[in-house]
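Engineer: Residue-level listing of the chains:
Protein chains: 2
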Amino acid sequence: MQNLRYDFNNLMAERVGEHGVSDAQLQALGPKVEAAASAIENVPLGFRKLLFNTKLADEVAALAQKLNKRFDNFVVLGIGGSALGNIALQSALNHPEYNLLERPRRRGPRLFVLDNVDPNQITGLSDVLDLDKTVFNVITKSGGTAETLSEFLVFRDALIRKLGEKQHVEHIVITTDPEKGELREIVKKHSYASLPIPPDVGGRFSVLSAVGLLSAAVTGIDIHRLLAGAADMDAACKSKKLWENPALTGAALHYLMDKAKGKNIQVMMPYSHGLRDVADWFRQLWAESLGKQMDRAGKMARTGQTPEKALGVTDQHSVMQLYIEGPYDKVITFLTVDEFGSTVTIPHAFPEYDTVKYLGGHTMGELLNAEQKATELALTKCGKPNCAIRVRKVDEKTVGTLIYLLEMQTAYAGELYNINAFDQPGVELGKNFAYGLMGRKGYEAKRLEVEDAGKPNPKWVVSV
Amino acid sequence: MQNLRYDFNNLMAERVGEHGVSDAQLQALGPKVEAAASAIENVPLGFRKLLFNTKLADEVAALAQKLNKRFDNFVVLGIGGSALGNIALQSALNHPEYNLLERPRRRGPRLFVLDNVDPNQITGLSDVLDLDKTVFNVITKSGGTAETLSEFLVFRDALIRKLGEKQHVEHIVITTDPEKGELREIVKKHSYASLPIPPDVGGRFSVLSAVGLLSAAVTGIDIHRLLAGAADMDAACKSKKLWENPALTGAALHYLMDKAKGKNIQVMMPYSHGLRDVADWFRQLWAESLGKQMDRAGKMARTGQTPEKALGVTDQHSVMQLYIEGPYDKVITFLTVDEFGSTVTIPHAFPEYDTVKYLGGHTMGELLNAEQKATELALTKCGKPNCAIRVRKVDEKTVGTLIYLLEMQTAYAGELYNINAFDQPGVELGKNFAYGLMGRKGYEAKRLEVEDAGKPNPKWVVSV
Numbered sequence: 001m002q003n004l005r006y007d008f009n010n011l012m013a014e015r016v017g018e019h020g021v022s023d024a025q026l027q028a029l030g031p032k033v034e035a036a037a038s039a040i041e042n043v044p045l046g047f048r049k050l051l052f053n054t055k056l057a058d059e060v061a062a063l064a065q066k067l068n069k070r071f072d073n074f075v076v077l078g079i080g081g082s083a084l085g086n087i088a089l090q091s092a093l094n095h096p097e098y099n100l101l102e103r104p105r106r107r108g109p110r111l112f113v114l115d116n117v118d119p120n121q122i123t124g125l126s127d128v129l130d131l132d133k134t135v136f137n138v139i140t141k142s143g144g145t146a147e148t149l150s151e152f153l154v155f156r157d158a159l160i161r162k163l164g165e166k167q168h169v170e171h172i173v174i175t176t177d178p179e180k181g182e183l184r185e186i187v188k189k190h191s192y193a194s195l196p197i198p199p200d201v202g203g204r205f206s207v208l209s210a211v212g213l214l215s216a217a218v219t220g221i222d223i224h225r226l227l228a229g230a231a232d233m234d235a236a237c238k239s240k241k242l243w244e245n246p247a248l249t250g251a252a253l254h255y256l257m258d259k260a261k262g263k264n265i266q267v268m269m270p271y272s273h274g275l276r277d278v279a280d281w282f283r284q285l286w287a288e289s290l291g292k293q294m295d296r297a298g299k300m301a302r303t304g305q306t307p308e309k310a311l312g313v314t315d316q317h318s319v320m321q322l323y324i325e326g327p328y329d330k331v332i333t334f335l336t337v338d339e340f341g342s343t344v345t346i347p348h349a350f351p352e353y354d355t356v357k358y359l360g361g362h363t364m365g366e367l368l369n370a371e372q373k374a375t376e377l378a379l380t381k382c383g384k385p386n387c388a389i390r391v392r393k394v395d396e397k398t399v400g401t402l403i404y405l406l407e408m409q410t411a412y413a414g415e416l417y418n419i420n421a422f423d424q425p426g427v428e429l430g431k432n433f434a435y436g437l438m439g440r441k442g443y444e445a446k447r448l449e450v451e452d453a454g455k456p457n458p459k460w461v462v463s464v
Numbered sequence: 001m002q003n004l005r006y007d008f009n010n011l012m013a014e015r016v017g018e019h020g021v022s023d024a025q026l027q028a029l030g031p032k033v034e035a036a037a038s039a040i041e042n043v044p045l046g047f048r049k050l051l052f053n054t055k056l057a058d059e060v061a062a063l064a065q066k067l068n069k070r071f072d073n074f075v076v077l078g079i080g081g082s083a084l085g086n087i088a089l090q091s092a093l094n095h096p097e098y099n100l101l102e103r104p105r106r107r108g109p110r111l112f113v114l115d116n117v118d119p120n121q122i123t124g125l126s127d128v129l130d131l132d133k134t135v136f137n138v139i140t141k142s143g144g145t146a147e148t149l150s151e152f153l154v155f156r157d158a159l160i161r162k163l164g165e166k167q168h169v170e171h172i173v174i175t176t177d178p179e180k181g182e183l184r185e186i187v188k189k190h191s192y193a194s195l196p197i198p199p200d201v202g203g204r205f206s207v208l209s210a211v212g213l214l215s216a217a218v219t220g221i222d223i224h225r226l227l228a229g230a231a232d233m234d235a236a237c238k239s240k241k242l243w244e245n246p247a248l249t250g251a252a253l254h255y256l257m258d259k260a261k262g263k264n265i266q267v268m269m270p271y272s273h274g275l276r277d278v279a280d281w282f283r284q285l286w287a288e289s290l291g292k293q294m295d296r297a298g299k300m301a302r303t304g305q306t307p308e309k310a311l312g313v314t315d316q317h318s319v320m321q322l323y324i325e326g327p328y329d330k331v332i333t334f335l336t337v338d339e340f341g342s343t344v345t346i347p348h349a350f351p352e353y354d355t356v357k358y359l360g361g362h363t364m365g366e367l368l369n370a371e372q373k374a375t376e377l378a379l380t381k382c383g384k385p386n387c388a389i390r391v392r393k394v395d396e397k398t399v400g401t402l403i404y405l406l407e408m409q410t411a412y413a414g415e416l417y418n419i420n421a422f423d424q425p426g427v428e429l430g431k432n433f434a435y436g437l438m439g440r441k442g443y444e445a446k447r448l449e450v451e452d453a454g455k456p457n458p459k460w461v462v463s464v
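Sequence lines, in order, name chains A and B. Count the first sequence with our numbering and you get residues 1 to 464, in order. Count the second sequence with our numbering and you get residues 1 to 464, in order.
Next comes chain A alone, as it looks inside the complex (with noise of 0.2 angstroms):
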């Protein structure tokens, strides 16, 4: 049985015309295409060795299994790829209003993912912690992340002066490097639980590491499902050629699409509430792993499309006006689910008015797809190139497979713009002024170089 379909057929001249990628540029691309699949083939990619890694993840369920029966409340504390992930297998897998709901009614604890420093978030979350009943699960890969390791202060603190020092270290697993970093030292002083994250595995592909896994298992997913489904896709991706190989399809035709249609903005579409925060996912996954200004070559290349979430209904009646009559300058994925999990009848009612009467009857799984194929059409017949990835329905199997599939499509693409898709280091110069401004050691001059930068020009403010 299929569990996914990608869709590429409004992608083609044929059907989208002149905005749409033409058989003589696919073919031009084949090739590169073909190097980009033998390069992806012979990197030891870390992300790929999850998948086979049973044995982590049979430690992550049985640590999962403990903490889900000692525990009321499950908080992450990390911050980009040691949160996104874990909130989109959560949206994904679990009911749709899970921290609502009375215990009994829940497969665990309730989960929250702090990945965020405001003061009044963190005072809110507090005000709903029984600390007593929570665990907090530190997620940074480097140990070093400045907004995780604020949390753990915060939140070790807490839970010291509630509990005391002894008691507290059962309230807290640290993820994180293997061997590296400080907070590995930490953990090994303070004998804190732990969890690996490999070395080779990059914070934007780690969720089928023990960064999403443990959250998720806690909490009553499949992880070994999961895996199973990403193992699938991997299986699919042995392939070299177009039209076999699902992510390498995506690669090569979101490569034109960029370079050579023009669409420098990748919108990611689900119409369906459960997959809604894996195009946040994706948004880090796309962004920061295509988004770079050198090519391996150490030439200029100022790579990489803006990757944009957009949730079918609702952003029909947000953004879908500029979609429709802007400008030619984005290409839209559309995530689509064939069965949902339940079903919600619309009764009949109303038959006197015709705005009412047609929609009695007809199921919200119907409503929801049919919106989602007039949609489709009318960016096709508008010239507005987009494709779709169908899932049969949304469960572990089905999520495993879509997760793995956009990290392959992200890797391939890297090798087409022939860039380091697994480096970020764009973001250094920003995290060194915020060291400098917070005084830490050794970074004296780039506090230095913020003051010199000098307050703002009143001249040109404007304040009521």
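Treat the hints with care, as some may be off.
Intra- or inter-copy, both count: the list cannot distinguish identical chains.
Pairs of lysine-lysine, DSS-like flavour, derived with a Cα cap of 25 angstroms [said to hold, decoys possible]: (1) Lys241 <-> Lys455; (2) Lys459 <-> Lys32; (3) Lys446 <-> Lys373; (4) Lys166 <-> Lys357; (5) Lys373 <-> Lys441; (6) Lys66 <-> Lys189; (7) Lys459 <-> Lys259; (8) Lys188 <-> Lys162; (9) Lys259 <-> Lys299; (10) Lys459 <-> Lys241; (11) Lys446 <-> Lys381; (12) Lys32 <-> Lys241; (13) Lys441 <-> Lys180; (14) Lys446 <-> Lys189; (15) Lys381 <-> Lys455; (16) Lys189 <-> Lys459; (17) Lys238 <-> Lys459.
Just so you know, these hints were derived from the structure itself, not from any lab. Computed from a predicted structure; not experimentally measured.
We have chain A; now place chain B onto it with these hints.
Structural biologist: Then chain B, alone, in the frame of chain A:
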């Protein structure tokens, strides 16, 4: 005291280099700017009139007080302009974990905004609602929105089955056109409580009408102060001069960013958990107002920046790599906050580690604002244009001021682009296809058109 400062420094060539706007460019735009200001002054803007309709605000507040006492759950059934503003006000002005608080710690009923039709989402929401204690606010200006009507039919039926035909009426409040539309007829015939949406206020400009005000007031938000904050900005918008009227200046600079500097992406990046959903609300405002195929002279124009939501600090660890190193195709608007409502101090700990030590003693608010400042400077040094809207603190007054600033900026921008900022003709085609697919009377031809479009060509689909 200044409640809001709009800082344009880093849009100027003097600060940001060749990707910034020069004085000469701005001066050349002068006559157009003055004409735009005059045009807007002379249009009887529906959304401006809302600010001074204290009678309606009183009526809403009175109804809200009644509902507040009677109900434990307030559910908005609406989509697009009938939902995004409600969500933005809730995030900004209520407790960050509002729905999880016990009733004595909450100022009103739990608030849910159902702005989509996914059956799983609807079933999930139903799981946590006690219908006896739930009121539904059905919001659709035209009265004909398929998604909202479907939700209305589903929950109306559930109410009738649980509470009976007579009793269910008390659990529904309908917000729609004061006279037109079939929903208004239903209100009259079935004696539902109702509130009006003025015909001259478009959905995306309706947050300060009954659309946004009722759900705000019912959860304890001071809607009169919200309107007063907006009125403060309205006063500032009396000036027709650049650098006096912040909305006009914002419109002029962003117009130049797009037309003269080729920035087709407009990122709004709040460094505030509370203001995060203002960015989503703004997406609709900017996209739907300015994304137009034709200008007012009937010439093909294809206008419209694509608005994107990013969140500080979170998205520094996600899309910032692209913003720093990628193409010069975007302009960033930060939202920042001077004073946070609460203080969280980072405890001193682990002085032996340089990566941890420097954090101790700072507040989370300092960290958040240091990150913002650092990011702003890094972008500026890399020649990426950015600006900042800085509010003193997040409260009713400043949120009203901020909302109205963005509404007026959008209205002025429409004049500069010479397009109609208040219609949305492009969404009709998709709507009509959906009507056809759902079997609505009069749309049979559209159904045939969908069928004629044919199935996807299997050669362009890759399955797993």
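Engineer: Can you give the numbers of the hints that this structure goes against, from lowest to highest?
Structural biologist: 14, 16
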